[in-house]
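Participant: Once you have looked at the hints, place chain B on chain A.
One letter stands for each residue in the lines below.
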Amino acid sequence: MGVYTVTGLNNYIKNVLTSEKALQQIWVEGEISNLTKHRSGHYYFSIKDGASQVSCVSFRSTNRKLKFEPEKDMKVLVFGSVNVYTVRGQYQLQVLDIRPDGVGELYKAFEQLKKRLEGEGLFAPEHKKPLPRYPRKIGVATSATGAAIHDILHVLQRRYPVDILLCPTTVQGEASADSIIRSLELLNRTDADLIIAGRGGGSLEDMWPFNEEKVARAIYNSRLPVIAAVGHETDFTISDFAADVRAPTPSAAAEIAVPDRTEMVKHIDGLRQRMESALKNHILNQKKHLEYLSGRISPDRYRELLNQRTQHLDEVTYRLASRTEYILQAKVAELGGLAGRLNAVSPLNTLERGYCVAQSDEGGTITGVIDIKKGQNLQLKFRDGCCRVGHKENLDEGC
Amino acid sequence: MAVAEWDIKKIWMRDVKLSSNTENKNFEDSLLELEDIVERLENGQISLQESMEMFERGIKLAGICNHILQESEQRIEQLIERNEEIETCDFEQEN
Chain A
15 MGVYTVTGLN NYIKNVLTSE KALQQIWVEG EISNLTKHRS GHYYFSIKDG ASQVSCVSFR
75 STNRKLKFEP EKDMKVLVFG SVNVYTVRGQ YQLQVLDIRP DGVGELYKAF EQLKKRLEGE
135 GLFAPEHKKP LPRYPRKIGV ATSATGAAIH DILHVLQRRY PVDILLCPTT VQGEASADSI
195 IRSLELLNRT DADLIIAGRG GGSLEDMWPF NEEKVARAIY NSRLPVIAAV GHETDFTISD
255 FAADVRAPTP SAAAEIAVPD RTEMVKHIDG LRQRMESALK NHILNQKKHL EYLSGRISPD
315 RYRELLNQRT QHLDEVTYRL ASRTEYILQA KVAELGGLAG RLNAVSPLNT LERGYCVAQS
375 DEGGTITGVI DIKKGQNLQL KFRDGCCRVG HKENLDEGC
Chain B
4 MAVAEWDIKK IWMRDVKLSS NTENKNFEDS LLELEDIVER LENGQISLQE SMEMFERGIK
64 LAGICNHILQ ESEQRIEQLI ERNEEIETCD FEQEN
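Chains as they are written, first to last, in our numbering: chain A, 15 to 413; chain B, 4 to 98.
So that you can see chain A by itself, here it is in the shape it has in the complex (with noise of 0.2 Å):
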């Protein structure tokens, strides 16, 4: 026997190891620990049992197909090939493929991924875009063969004119995820308003493309909304959570999608009568108004008017009338102190008296001796009447 070197050894042992049959290509149970992620994209982890445990390590390359992401004390089955890392003298099982270990792990697994991408922010609902409420064209993407896309088409055709764009999808199969990736990515180039994404229904297995972190984050990014229709009523994805509106069946997803013509035709009818009632509303109280303005010139008005005015002019016609009577008797009062003021200075009374006054034919009253010239009459104004007496032929100085 020679001395082996250590590579040597351990190359001897890996090349006993990789061509022993019962160790290539098997399925190993247990769970998962001591797992680290490197930033290579490989994954290192042991997967144990009660008493055990094993090395594992997981290329890029595997790393990039699971259909989900392993995590810590996750049960798992691991498929691959026992190896020797060399440099370390260890043994180790290099990994080829792992699945979640039963329903419940795929459930884990599941609501892992579901815990992390909200995290992420994902599903937050700020982020969800709006529906057009009247599309013109809907994307779908689903298989051309499956009763999906018969469903839509059927719900489609009876509800509302719009157009519809299938984009063929694999939905079953190892190539579901990236197929449905590439419908959304093509789509996303096309003018239609939404897109519709799903499948019809089937074994948990067969929904699993949908809950894939990449189809996730491909409907997350895309520009148009997007209705996950996955299965049945009870079928809850990752899809479902990532894209804007969840519906229960794809049927419900085309119900989702566009309004219901005979509900928009009743809706336009509604609109009309409304339109027509307030346009009646309208005309009537304009109507009103015009009768109210009608009422206020009517002749009874009028009449009412006129009265109203006739009593007025009545009214200040009286106090004219009583105002000038009262004027009246105050000139008559005033006349007739003046009057018997006048009577007190009047010449008249002198001559009741007994005096008399003389005058010259031409009426001027002759006051003194001096007035009176030869051969001149004289008239004398007595109480009763007038008198005229002849010429004085020689005054008398001394009578």
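Treat the hints with care, since some could be wrong.
[Unchecked claim] Rough simulated footprint, nothing fancy, chain B against chain A, three-plus residues with beta-carbon under 8 Å:
no., segment
1, 70-83
2, 164-178
3, 191-205
4, 284-298
Calculated directly from the structure, the hints in this document are not laboratory data. All C-beta atoms, glycine included, are put in the ideal place defined by N, C-alpha and C.
Facilitator: Here is chain B on its own, set in the frame of chain A:
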């Protein structure tokens, strides 16, 4: 009232004539405008003359909407990708 009904009928008659040349009008825009007109008519605050004009416009829009709903043909196409270019063809439904 009689006058109002007669006027509305007259506008309806005109609507019939209008609906024949109303093709290139988007459904959503028409409906939004119609809804706006109904609200403004219901609020009053506009002259009778303006109301009549708006009513006439509303009836025309309702005609357009109904026309789109009833008469539009649905196109069902299938998307094909060829050398990074997107093309479409009619989608043949299997029954």
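Participant: All hints, please: hold or fail.
Facilitator: Against the structure, the hints come out as follows:
Only residues whose beta carbon comes within less than 8 Å of a beta carbon in chain B count, and the segment 70-83 of chain A has 0; fewer than three means the coverage is violated. Counting residues of the segment 164-178 of chain A whose beta-carbon sits less than 8 Å from any beta-carbon of chain B gives 9, enough to reach three: the coverage restraint holds. Given as covered by chain B, the segment 191-205 of chain A passes the check, having 4 residues with a CB less than 8 Å from a CB of that chain where 3 are the minimum. Counting residues of the segment 284-298 of chain A whose CB lies closer than 8 Å to any CB of chain B gives 11, which reaches the minimum of 3, so the coverage claim holds.
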